[in-house]
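Student: Sequence lines, in order, name chains B and Z. In terms of the numbering used here, the numbers along the first sequence are unbroken and rise by one, the last being 302. In terms of the numbering used here, the numbers along the second sequence are unbroken and rise by one, the last being 278.
These aren't lab readings, by the way, just hints derived from the structure by calculation. All C-beta atoms in this analysis are idealised placements derived from N, C-alpha and C, irrespective of residue type, glycine included. One or more hints might be untrue.
Selected chain B positions facing chain Z (in silico; Cβ < 7 Å) [claimed, not checked]:
(1) Leu29
(2) Ala262
(3) Thr266
Listing some non-contacts, in silico: residues in chain Z with all C-beta distances to chain B over 12 Å [said to hold, decoys possible]:
(4) Thr44
(5) Gln46
(6) Val52
(7) Ala59
(8) Gly134
(9) Ala188
(10) Leu194
(11) Trp195
(12) Pro224
(13) Trp270
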Amino acid sequence: MSTEIAARVRNEEWKASLTSESTLVRWTLIAIALGYLTLFLFVPLAAVFSEALKKGLAGYFASFQDPDTLAAIRLTFIAASLAVPLNLMFGVAAAWAIAKFEFVGKQILITLIDIPLAVSPVISGLIYVLLFGAQGWVGPWLAEHDIKIIFALPGIVLATTFVTVPFIARELIPLMQSQGREEEEAALTLGASGWQTFIRVTLPNIKWSLLYGVILCNARAMGEFGAVSVVSGHIRGLTNTLPLHVEILYNEYNAVGAFAVASLLTLLAIVTLVVKTVIERKSAPSRATQDAEWRMQPGSPS
Amino acid sequence: MALVLKQPSVLPGFGLTLGFALFYFSLIVLIPLSGLIVKTTTLTWQQFWHTVTEPRAMASYQLTFGASFLGALINGFFGSVVAWVLVRYHFPGRSIVDALVDLPFALPTAVAGIALTAIYSSNGWIGSYLEPLGLKVAFTPLGVLVALTFIGLPFVVRTVQPVLQDLDKEVEEAATTLGANRWQTFRAVIVPELWPALLTGMAMAFARSVGEYGSVIFIAGNMPLKSEITPLLIMTKLEQYDYAGATALGVVMLVVSFVLALMINLIQWWSGRRHTAS
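Just need the whole structure built from these sequences, with the hints factored in.
Tutor: So this is what it looks like as structure tokens:
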């Protein structure tokens, strides 16, 4: 018995030795990978907190006493609280139509949804300036009626919404496609209404992806820089979101202030990554691979 | 056979959800974007051509595309090593490292920009060691490369990683038992499998880098003709109320983005076909 096990172990070891490298090669590769990540990921991450705490904890927290910083935090929350629910409705509606039905032009629609990720953020802002700006298509009409879109809150919300449109849809579509529609059909046959079917059958199946989509969408909405920069006008205390406020503080040589505000956004990014890891473990292992392929469309510049 | 626009289904809500999705997407994305194209048609061809080929624009393309390409190459090599190490080896902290690879996706670009500038400037953690070697990174074109390498980092790792995970180890075992050494197995068995994913990842990193704005402007120094990227040039023209000039450059960028997206789809289609064929 024990000899049989020993033989099997030896066989496995032999097989493993066929497909592995020498210890030297292995550790060299690990060193190269970690060295690269250190240079480009870990050091910048550490730098954010180190620079923010350069004048101690008191200096760090003093940065948040500035009324302009508080105004930027408020504006960022307002913009995200409008953009995220809008894109949530779009994401769920688009995913339902695409995943549960067969129709002409479906593949084109799936491709189109990624457009905001392929476009430079500067262009995402530019299109709204061309539309609503003083020289834009509807600019004169807006000016006549005293409606401000560009250099005001509506423009910021629009630009934020544009760059975050795909996030929730992209999480839901591949998952709902792989789940098929048998469960929903069963529920309907048993007499549930369409809405009941969605709430009781579909929603529990997609809740983790939905949650991750919302968190990712929110992180992007709060962190968007380029597109919002074009439409904001950079009016301190009025049209400055957190990332724009980081820029202003940095350009004023207020490094501690800039990095303190940046550390808030960095924490948001870290929370997003933690949630992603936890959710992937929960719905692993099929999800991880299926997801990676899907999500790896041209990422979203910002 | 009659053209079937939609196959029958017992599930409700098709009209409502598709209608809302199309309406919303048109309103937020398609109509504003087509406004950019329409605006270009108000320019004469000479105006357009003059704007997009002036020396300052040409210099910005060279920097933007050159640095994006180099960044994609750097990420192609190191990203593959990272993916390999994450899939094949076990070392302490591996799962944390794996999770952190996505940081450039999640971190706001302005934060990345100031953090990279702080460490690569002449008195920064890394910059201060490079300065004596005569290497200035921050506020030079090299800084643009650093920022774009950071931005493109996750793409190659995340496209190559799942392919490596799915790779059948028995093929490698067969290669070894047939007398191939490890390097030969790697070159003749593993690399051909990884190649499409690697190419896709690099194309994605390139596409993303070309449009990048936030992280670059802090570290670049933004000198016209020298360290000014195309998205920044668009921004500058907007701030000078040169809407026509900004639009012309915007269209060039938009066309480049669409061509790149098409290329990425073609690579994926090609690799998908190769896989179903074998």
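Student: Taking the minimum C-beta separation from Trp195/Z to chain B, is that value above 12 Å?
Tutor: holds (16 Å)
Student: Closest CB-CB distance from Gln46/Z to chain B, is it above 12 Å?
Tutor: holds (21 Å)
Student: Test the statement that Val52/Z is away from the interface with chain B: the closest C-beta pair must be farther apart than 12 Å.
Tutor: holds (14 Å)
Student: So is Leu194/Z really clear of chain B, every C-beta pair being over 12 Å apart?
Tutor: holds (14 Å)
Student: Grab the minimum C-beta distance from Ala262/B to chain Z and call the hint holds if it beats 7 Å, violated otherwise.
Tutor: Given a least distance of 4 Å, the restraint on Ala262/B holds.
Student: Hint check: is the beta carbon of Leu29/B less than 7 Å from a beta carbon of chain Z?
Tutor: holds (5 Å)
Student: Was Trp270/Z rightly flagged as not at the interface, with every chain B Cβ beyond 12 Å?
Tutor: Its Cβ never comes within 12 Å of chain B, the nearest being 15 Å, so this holds.
Student: If we take the beta carbon of Pro224/Z, is the closest beta carbon in chain B still more than 12 Å away?
Tutor: It holds; Pro224/Z is separated from chain B by about 16 Å at its closest Cβ, greater than 12 Å.
Student: Tell me if Thr266/B is really an interface residue toward chain Z, meaning its C-beta lies closer than 7 Å to one of theirs.
Tutor: holds (6 Å)
Student: Beyond 12 Å from every Cβ of chain B: is that where the Cβ of Thr44/Z lies?
Tutor: holds (18 Å)
Student: Should the label of Ala188/Z as a non-interface residue stand, given a Cβ cut-off of 12 Å to chain B?
Tutor: holds (14 Å)
Student: Non-interface claim for Gly134/Z: all C-beta distances to chain B beyond 12 Å?
Tutor: holds (19 Å)
Hint compliance for this structure: every hint is met.
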